[in-house]
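Q: Just so we're aligned: the sequence shown equals residues 1 to 122 in full-length UniProt numbering.
I should point out that these hints are in silico values taken from the structure, not numbers from a laboratory.
Hints are supplied without guarantee of correctness; some may be wrong.
Restraint-style ranges between C-beta atoms, simulated for each label pair [stated by the list, open to error]:
hint: 1; residue 1: V88; residue 2: R10; range: 21 to 27 Å
hint: 2; residue 1: G30; residue 2: L113; range: 26 to 32 Å
hint: 3; residue 1: Y34; residue 2: Y120; range: 20 to 26 Å
hint: 4; residue 1: K122; residue 2: Q50; range: 38 to 44 Å
hint: 5; residue 1: T109; residue 2: A46; range: 18 to 24 Å
hint: 6; residue 1: L28; residue 2: E77; range: 32 to 38 Å
hint: 7; residue 1: D22; residue 2: T109; range: 44 to 50 Å
hint: 8; residue 1: L121; residue 2: E15; range: 48 to 54 Å
hint: 9; residue 1: E77; residue 2: G30; range: 17 to 23 Å
By construction, the Cβ of each residue, glycine as well, lies at the ideal position given by its N, Cα and C atoms.
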Amino acid sequence: MAMINRPETRDLLAEARQVLLDSLVPELGGERKYEALMIANAMGMAIREQELREAGEPETTDVMLSRFLAGHALTEESGQGEQTLARVLRERTLDGGDRELRTVLRAMTETRLKVNNPGYLK
């Protein structure tokens with residue numbers, strides 16, 4: 001049974017984050033203020049991650065990585081693409097100058113930055 005006007009998780013997080021920043025943080029000092037700002041930052045990351053997930057972006061990057069690994073005959077265990085890529089990079093199995101590798105690495109980095117530090121991409 002669907003609830004009418006049910007708030008989305010993202011909206012609840014955004015509202016709680018705003019209250020934290022507007023009402024609580026100004027009342028705090030020192031270590032407590034730092035902790036509250038860390039919490040607000042984590043909440044912002046969770047909101048951005050959910051938005052990206054809803055847009056299908058992480059899955060697109062995962063598919064790109066899986067195709068790259070398969071194209072280089074590198075088998076990955078389910079959901080372990082990043083670990084497989086890290087291992088073959090450490091072992092120097094891949095050519096660091098490979099254009100496709102750089103494209104995959106860039107996509108992975110941009111997806112992470114969109115969650116962790118979107119301002120860096122600007």
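Q: Next step is simple, just say for each hint if it's right about the structure.
A: Comparing the hints with the structure gives:
Separated by about 36 Å at the C-beta atoms, V88 and R10 break the suggested range of 21 to 27 Å. As the Cβ distance of G30 to L113 is approximately 30 Å, the hint placing it in 26 to 32 Å holds. The hint said 20 to 26 Å for the Cβ distance between Y34 and Y120, and at roughly 21 Å that hint holds. For K122 and Q50, the hinted distance range of 38 to 44 Å is not satisfied, since their beta carbons lie about 21 Å from each other.
In this structure the hint that T109 and A46 lie 18 to 24 Å apart at CB holds, the actual value being about 20 Å. Checked against the given bound of 32 to 38 Å, the beta carbons of L28 and E77, roughly 45 Å apart, lie outside it. Restraint check, D22 to T109: a C-beta distance of roughly 32 Å breaks the suggested window 44 to 50 Å. Restraint check, L121 to E15: a C-beta distance of roughly 26 Å breaks the suggested window 48 to 54 Å.
Distance hint for E77 and G30: a CB-CB separation of about 46 Å, inconsistent with the stated range 17 to 23 Å.
Violated hints, listed in ascending order, are 1, 4, 6, 7, 8 and 9; each of the other numbered hints is respected by the structure.
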